[in-house]
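Q: Each chain, letter by letter, is given below.
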Amino acid sequence: MKGKRFKTGALLNQYWKHKELFILLVPALVFYIIFCYIPMQGIVIAFKDYKLMQGIWGSKWVGLANFKELFSTPSFFEILKNTVWISFLRLVFGFPAPIILALILNEVKHARYKKVVQTISYLPHFLSWVILAGVFQQLLSPSSGPVNAILTKFGIGQIYFLGDPRWFVFTIITTGIWQGVGWGTVIYLAAIAGIDPQMYEAVMLDGAGRWKQMRYITLPCLVPTITIILILNTGGILNAGFDQIMNMYNEGVYKVGDIIDTYVYRRGLEGMQYSFSTAVNLFKNVIGLGFVILTNSIAKKMGDSSLW
Amino acid sequence: MNLRRKNQHVNKIKISDMVIYLFLALFSLTILFPFWNLFVKSISAADAGIVDALQMWPKKISSFNYKYVLTNRYIWSGYRETILRASVGTVLSVTVTAMGAYALSKKNLPNRNLWTTVVLIPMFFSGGMIPSYLWMVDLHLINNRLALILPGLVSSYNLIIMRNFFMAIPDSLEESAKIDGAGSIRIFFSIVIPISKAVLATVGLWVLVGHWNAWFDAMIYMRDADKLPLQVVLRRILLEGTQQMMDLNSTDTNHITPDTLKAATTFVCMLPIMCVYPFVQKYFVKGVIIGSLKG
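Chains A and B, in that order, are what the protein sequence lines are.
So the first sequence is numbered by the working numbering: it starts at 1 and just counts up by one.
So the second sequence is numbered by the working numbering: it starts at 309 and just counts up by one.
All the given hints hold, so there is nothing to weed out.
Here are a few chain A residues that face chain B, going by a calculated C-beta distance under 7 Å:
1) 24
2) 27
3) 281
Computed Cβ-Cβ distance ranges for the label pairs, DEER-style:
4) B/509 / A/115: 14 to 22 Å
5) B/425 / A/203: 41 to 49 Å
6) A/9 / B/425: 19 to 27 Å
7) A/84 / B/419: 38 to 46 Å
8) B/431 / A/9: 27 to 35 Å
9) B/509 / A/202: 38 to 46 Å
10) A/255 / B/493: 54 to 62 Å
11) B/432 / A/156: 42 to 50 Å
12) A/111 / B/588: 16 to 24 Å
13) B/509 / A/164: 43 to 51 Å
14) A/164 / B/365: 25 to 33 Å
Simulated from the structure, these hints should not be mistaken for laboratory data.
Since we're looking at a predicted model, the values are computed, not measured.
For glycine and all other residues, C-beta sits at the position ideal for the given N, C-alpha and C.
Generate coordinates for the entire structure from the input sequences, incorporating the hints supplied.
A: So, in structure tokens, the structure goes:
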């Protein structure tokens with residue numbers, strides 16, 4: 001007892017001694033408490049029947065009823081399937097794209113040309129999905145969009161890229177790649193820049209051309225970076241791209257395009273089913289956290305760079 | 309024989325170079341074409357109609373669309389709100405983040421590990437959309453401009469990047485000030501800030517562009533039409549087809565916003581970023597590289 005008091009006293013002394021340092025931290029701490037930790041407590045409404053009038057703590061406890069409802073709602077499995085499917089397709093098609101582009105950019109000897117292409121490729125990254133959705137609305141419009149004009153010329157006929165459930169996911173994936181491929185190269189180009197030039201000189205003495213240099217030097221040196229980014233992307237499997245889908249989907253494509261986040265928004269904020277949608281969100285966060293911890297520990301085992 | 313083989317080799321390289329240059333030129337066109345198409349539409353007269361959607365230049369150039377967009381008061385109020393949230397939000401964010409990051413970078417901060425954990429947890433777990441929204445209602449921040457600034461004030465990711473930067477500053481720089489009796493707060497503002505411009509600029513630009521592009525928070529927290537930032541105004545015009553936002557004749561409710569007007573509005577909204585990003589991209593690139601090395 002006495003020892004403990006002594007310890008607290010010593011600690012308080014420490015705070016007093018370094019009070020200026022602590023004062024610098026206080027605004028950030030206040031922020032974290034008010035805007036991160038207090039909302040976390042709000043998760044309890046997933047286990048309650050939340051009524052606006054009764055407040056978070058006054059509402060009735062219902063145990064796991066919201067989760068029972070969740071697992072007995074067929075549409076929940078549909079959105080879960082959509083979420084994982086869209087993420088999976090992004091991984092399969094979107095993940096290799098920046099690697100390939102970085103390898104190609106690396107072959108450009110003309111520094112200025114390379115710079116111009118890079119700068120152009122970054123443009124979509126700096127624009128919001130609201131703006132990009134506007135751009136694609138015009139580009140893919142069945143009546144006045146150039147893409148459909150070309151398709152018609154080739155006799156394929158009009159395709160409602162954003163309105164046809166058969167095409168929506170394709171459109172989301174393609175436009176997603178278009179938006180992210182340029183910016184995605186940054187990390188790979190940085191890794192390539194870090195490769196020891198002596199390695200290239202060594203194989204060049206053996207007469208290796210550019211293809212062989214890429215195959216035997218550049219690509220193997222990129223493997224650690226590729227592995228880690230792949231693993232980290234897998235961790236985000238339940239994030240299928242809220243910003244993009246919220247701005248590009250419509251009622252006609254809910255069947256294929258509705259993901260967990262958009263579902264939570266519609267049921268929760270539009271439908272005011274606060275408890276139910278918090279349960280959906282909690283389900284997503286817990287599974288998502290599991291994935292992140294799992295993938296990150298794999299990344300940690302494989303290399304030295306991980307999230308913590 | 310030997311010479312000929314060498315020549316062939318040279319030729320081969322040239323062809324592969326050409327393929328690469330051509331491919332990248334096509335790729336750049338793929339990125340630029342949608343914006344060009346939008347631009348062409350935005351300067352086309354609506355009544356000329358776009359018969360051939362493939363045209364690379366308008367049939368009839370008209371400045372009508374832009375004139376019309378610039379008479380839309382919601383575009384102006386949108387710009388005002390966006391500039392307001394971006395400037396105030398960025399200054400506040402960078403200040404609070406840097407202060408916190410500096411404190412966490414010092415070994416003699418009491419309970420340093422505990423406070424670092426407090427900062428890290430929200431990176432992996434959050435209350436989610438609904439609890440955050442209900443809490444904002446409780447705080448009476450709905451329809452208040454602070455709702456666009458405070459909930460995203462500090463990002464743990466940015467804070468950690470800044471902390472790592474501050475940790476790399478040699479102690480000797482601060483020693484002399486300490487001997488002169490300066491406290492941590494004075495050292496931070498008069499010594500650390502001036503030598504940390506690079507990281508402050510990087511994080512500041514991230515936050516700034518983030519504010520400029522943010523739309524969801526304003527969409528759910530703001531009620532008054534004239535308090536909506538640019539992105540939400542644009543979203544209403546483009547996606548929800550709201551006539552009120554287009555400032556068209558209120559009697560004419562069935563009127564659909566013409567494509568040409570939508571195109572001009574989109575262009576007016578993206579112009580600032582389009583002009584600025586080529587000059588600031590290097591800070592973003594630097595930031596990604598710092599972030600990836602943090603280990």
